[in-house]
Amino acid sequence: MTIFDRNVNRRRLLQGGVAVTAGLAAPNFFVKGAWAEEFRNNPGNAKSIKLGFNVPQTGAYADEGADELRAYKLAVKHLNGEGDGGMMNTLKPSSLKGNGVLGKKVEYVTGDTQTKSDAARASAKRMIEKDGVIMFSGGSSSGVAVAVQSLAQEMGVIFMAGLTHSNDTTGKDKKRYGFRHFFNAYMSGAALGPVLKEEMGTDRRAYHLTADYTWGWTQEESIKNTTEGLGWQTVNAVRTPLGAGDFSQYITPVLNSGADVLILNHYGKDMVNSLTQAVQFGLRDKMVNGKKFEIIVPLYSRLMAQGAGENVKGILGTTNWHWSLKDEGSQAFVKSFGQEYGFPPSQAAHTCYVQALLYANACEQAGTFYPPEVIKALEGFEFDGMGNGPTLYRAEDHQCFKKVLVVRGNENPTNQFDLLEVVKEVPREAVTYDWKIFGGELGPYKV
Amino acid sequence: MDALVLQALNGLDKGGAYALIALGLTLIFGTLGVVNFAHGALFMLGAFCAVTMQKILTLSKQIEDTSVTFFKAFKEVPYLEIWLGDTGRMLIDYSVPIAILLTIPFMLLVGLVMERGLVQFFYKRSHAEQILVTFGLAIVIQEIIKSVFGANPIPTPAPDVVSGSADVGAWIGFGDGLYYPYWRLIYLGFSLTIIGAVFAFLRFTTFGMVVRAGMQDRETVGLLGIDVQRRFTIVFGIAAVVAGLAGMMYTPILPPDYHMGMDFLVLSFVVVVVGGMGSLEGAVLAGFLLGILQSFASMNEVKAIIPGIDQIIVYLVAVVVLQVRPRGLLGRRGVMEG
Amino acid sequence: MSAATVDTLRRGNAAASVPAGDTASSRSDHIKFAVFAIAVLTMPVWLSPIGAGYPDLVQKFAIFGIFAIGFNILFGLTGYLSFGHAAFLGVGSYAAVWSFKLLTMNVVPAMIFGVLASGVFALLIGYVSLRRTGIYFSILTLAFAQMSYNLAYSVLTPITNGETGLQLALHDPRVLDGPAEAGLPTTTLFGMETIGYPGFYVCAVMLIVAYYVAMRITRSPFGMTLRAIKSNQNRMNYTGFNTRPYTLAAFVISGMYAGLAGSLMAVVDPLAGAERMQWTASGEVVLMTILGGTGTLLGPVLGAGIIKYFENIFSAFNDQVLGRIFDFLPEVLQNLMVTLVHPFVGEGWHLTLGVVFMLIVIFLPGGVMEGIGRISARISRSRSNRSS
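First to last, the protein sequences are chains A, B and C. So in my numbering, spot 136 of the first sequence is number 136, and the numbers just go up one at a time. So in my numbering, spot 134 of the second sequence is number 134, and the numbers just go up one at a time. So in my numbering, spot 154 of the third sequence is number 154, and the numbers just go up one at a time.
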């Protein structure tokens, strides 16, 4: 450090000043080794760190975003040692201490993704460039997740994805700086397979209605692979425009197509509408080929179940997590979330909470915020106690592998939150796949 | 053939909704010369009248579910059911149709307040400014609804008796397998009735005659000593009621959320323009035409020939119609052309 | 046609809309331009106190400023209200990203392709749409833009990468750049990286150029013809003057502005998404222009700034931030203020935007520029009062 160099200009001097302060702190700070490197938004000597929570606050997924935000706030509380600690007490192995992260208090900033790639990136950039976050997280769609994940890679700031279900997020579009705890379409298919076989047999004719964009396509492909593997025929797979509203023109052809199963590859509002209307057209009361006509919604959420109301009863699908699970981790989380907000958390809230904790834990484990080391700590991390049983953060594609829930719309709910019942907890082995099948490249650690 | 009949019904049904919204828009254009970007919001407000009615009827006694300990969970039993038994249950079941009692006065009020409180100050302003102010209003209405009801769609089912499908095939002498949901048939009938009522009102009442005359030539009618303005205010109220009823009756088909008005806004403008500015008949015709074409374009046989046609059909038709007929199907010369 | 008539017409209208004499206006124009240029270039400095000086947002200000200036050339001068301008923005972005993918990471070809592609696209759409006027024209442009958006989102995915948006990839050819190193390359201006603040300066320079060109167009005989068309197209047509080439030229120029804005979005952030073409995006630029002041040079830029500021800063205020803002108050008041303000920020930022739209258009029919005009008029009045 040559701050006494005569040629130094004012600006340099200021920068140097900061570096000196950081340098003085070096002995306790860089004990753990050789990554005394500068990186973006290095908290250095600051007493606190900032995390960015980038969720949809306007548009169709605003309620889901609000729930994610609740979970993040809870996670921040727990990390800072306030509240009852939630799943911090059940995570194993855990390096979390309840005094912030690496002794620094956790603060957060929020932003609105509007469920649009551009807006999400703008919001993430604000967090990185203006607020100086060292990690950001959230989101409610795969398009957004993929878009901000590549930003994370460019900027060298870790992104812990929220709700994103497309295979691409940890497949062809995976990134070194992006991590996904949520499950994906392939895993939905793999989990549904055995249950479908058991409940509907091997001789079925399926008709797909698919949201016409990348997430819809990957789900259609994954479910098709599964059902065709069971011996089912695929009568037709029809693409529907996003936000079609009225799906009647796509549903009527199903009536006389000879199909006896309708698979709705829709999410959010589209799913609420298409399911409501399919039921209205009497599909569920039909007998085709001597069998009862069935509807399947491969990706479920409680908010969607709420929106579809009665129509959801008896319909099969999968979720990442559900609040009625009885394991220690889920109970701890539902308890602290329920006491804080007065209602149970959604699966989106769960995955976001877990992501925040896992990131903090990785920092503690690595002993630094330096992203390449944090990434290495997350890669291949094997843990338990977060509500999904033993879980692996696979190093090759940054996808979590854990059990997947097959659920069914509850026929006789005992209370207003009791909308889905868990039919089966499909073990992790059954949904694990070879990472090579989706291609993609993670990219470098250092950017 | 069955498929074609079903798609035609789908199209008529969709067209009914389009036509009702477009009818209201055209009434406002034609009488007041105002571009109302908040018309979609009125449709949405109507839908939330149904939601509100449902919420009122299902005000519930909450019986705590003791198996849940971390937060308060209830099984809800509506008071109506407790007090009135089966009658109460039936009332709740019919909450969407009953909501008419709320929708008509409420939407009329909203329309009158909107016209007197805001729109009347924009008669002489440019269309661009009308767009900006009504768009701002639409956002405000929308956000208020969001803060009360949340962003998630709210299920508002049709009464049980009409939740199934009707054997349309038997009615019209077709073969089996031609079933169509009762509620959608009701919606179609309902929209035709409202359209008929609006036309009859304009054609056969003195009030309507003055309004029609005012649409043609406001100044002359004014010179005759008739208070055109007051009548136009009422027309605005009627347009709001029509949009609101369209939204209310649509709720069993499309579970309402705060954003549904915006989704219909653009489409209803396309409908109005394809029909031709200032023509009520045109708006209705274009509504049904676009609805039916949209249904047919979504058929697999059509999509196989032109992929993605169902994504763009409405806009494509708009372009073609406006190339062939410069003022839409039945538009009048000089309305909103400058 | 009778050239003399047209000339009189032009002059008559020009006199009506340009108040000052030629030389005086040109001098004041140049002063305004210089002030504008300095203000734009120093944005990161003077916007920091209100939290808007970070790279992404100043980039957005500049980019949407260009978009709105271009839109105003069409709408402000000719009165044609296009409701599909976002399509050109999108096309510009896609063209630029494809240039990055196939040719080189240099931003100059990307901008050229962006502008050209959207120019051609605007020529096609303009040719068809300008056959109609008024709302018929608006709906035609809307229809074309919505078709572009819907197709880009779905069946055109091989070209647009649909929902996710077109992004750079490691294995892109980039024939002029040679093989890439590890990791994705960044955009450059002949070797200088153009992300962050350097990226902003590229945008800022383009904004200044765009402003200058718009100023010259407005003051040129061509600009006067356009205004004449706005004030009475029929009259011009009756005199035998063919207005179509003029409106088409304005449409294409304004489409190229949008293309430039779109390609700059890709320059500072190499990604192109279909949502950029949605009607809401087209509507946004309309709102920006009206909000700032239709027909003024500076107004649209201000309108763009206001809307982007709301979108990016107001949406980020949560209770934590609010608590900090009202920290100076006693706790009871602080909580009260937080509760009162809460519905208008964070997830409620749309509400504030809606209210702002209404307030401005109700009280300032000429947009923000009228407000500025009124204030400066008041100041000069009080000054002259004092001097007398």
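Think of the hints as simulated: they come from the structure by calculation, not from any bench. Treat the hints loosely; a few may be bogus.
Taking lysine to aspartate or glutamate pairs in the EDC-like style, the calculated list, with each CA pair at most 16 Å apart, reads [unchecked claim]:
1. C:K230 <-> B:D167
2. A:K73 <-> C:D172
3. B:K75 <-> A:E310
4. B:K72 <-> A:E425
5. A:K286 <-> B:D167
6. A:K224 <-> A:D203
7. A:K77 <-> C:D319
8. A:K424 <-> A:E441
9. A:K92 <-> A:E107
10. A:K446 <-> A:E107
11. B:K75 <-> A:E340
12. B:K75 <-> A:E411
13. A:K326 <-> A:E425
14. A:K326 <-> A:D434
15. A:K172 <-> C:D172
16. B:K72 <-> A:D418
Right, here's what the structure says about each hint:
For the proposed pair K230 (chain C) and D167 (chain B), the alpha carbon gap of about 58 Å is over 16 Å, so the pair is violated. At roughly 41 Å between alpha-carbon atoms, K73 (chain A) and D172 (chain C) are farther apart than 16 Å, so this suggested pair is violated. Between K75 (chain B) and E310 (chain A) the alpha-carbon distance is near 15 Å, which keeps this suggested pair within the 16 Å criterion. About 26 Å separates the Cα atoms of K72 (chain B) and E425 (chain A), which puts this hinted pair outside 16 Å; it is violated.
Of the supplied pair hints, the one linking K286 (chain A) and D167 (chain B) holds, its CA atoms being roughly 13 Å apart against a limit of 16 Å. With a C-alpha separation of about 14 Å, the suggested pair K224 (chain A) and D203 (chain A) falls inside the 16 Å cut-off, and the hint holds. Using a Cα cut-off of 16 Å, the hinted pair K77 (chain A) and D319 (chain C) holds, with the two alpha carbons roughly 15 Å apart. In summary, the hint linking K424 (chain A) to E441 (chain A) is not supported, as the alpha carbons are separated by about 33 Å, beyond the 16 Å threshold.
Only pairs whose Cα atoms come within 16 Å are accepted, and K92 (chain A) paired with E107 (chain A) is rejected, the gap being roughly 24 Å. Taken as a hint, the K446 (chain A) and E107 (chain A) pair is broken in the structure, with Cα atoms around 25 Å apart against an allowance of 16 Å. This hinted pair does not check out: K75 (chain B) and E340 (chain A) have alpha carbons roughly 21 Å apart, beyond 16 Å. Between K75 (chain B) and E411 (chain A) the CA atoms are separated by roughly 14 Å; this keeps the pair inside 16 Å, and the hint holds.
The suggested pairing of K326 (chain A) with E425 (chain A) holds, with an alpha-carbon distance near 12 Å, which does not exceed 16 Å. The hinted pair formed by K326 (chain A) and D434 (chain A) fails the criterion: a straight-line CA distance of about 30 Å is larger than 16 Å. Annotation: proposed proximity of K172 (chain A) to D172 (chain C) holds, straight-line Cα distance about 14 Å (limit 16 Å). Of the supplied pair hints, the one linking K72 (chain B) and D418 (chain A) holds, its CA atoms being roughly 12 Å apart against a limit of 16 Å.
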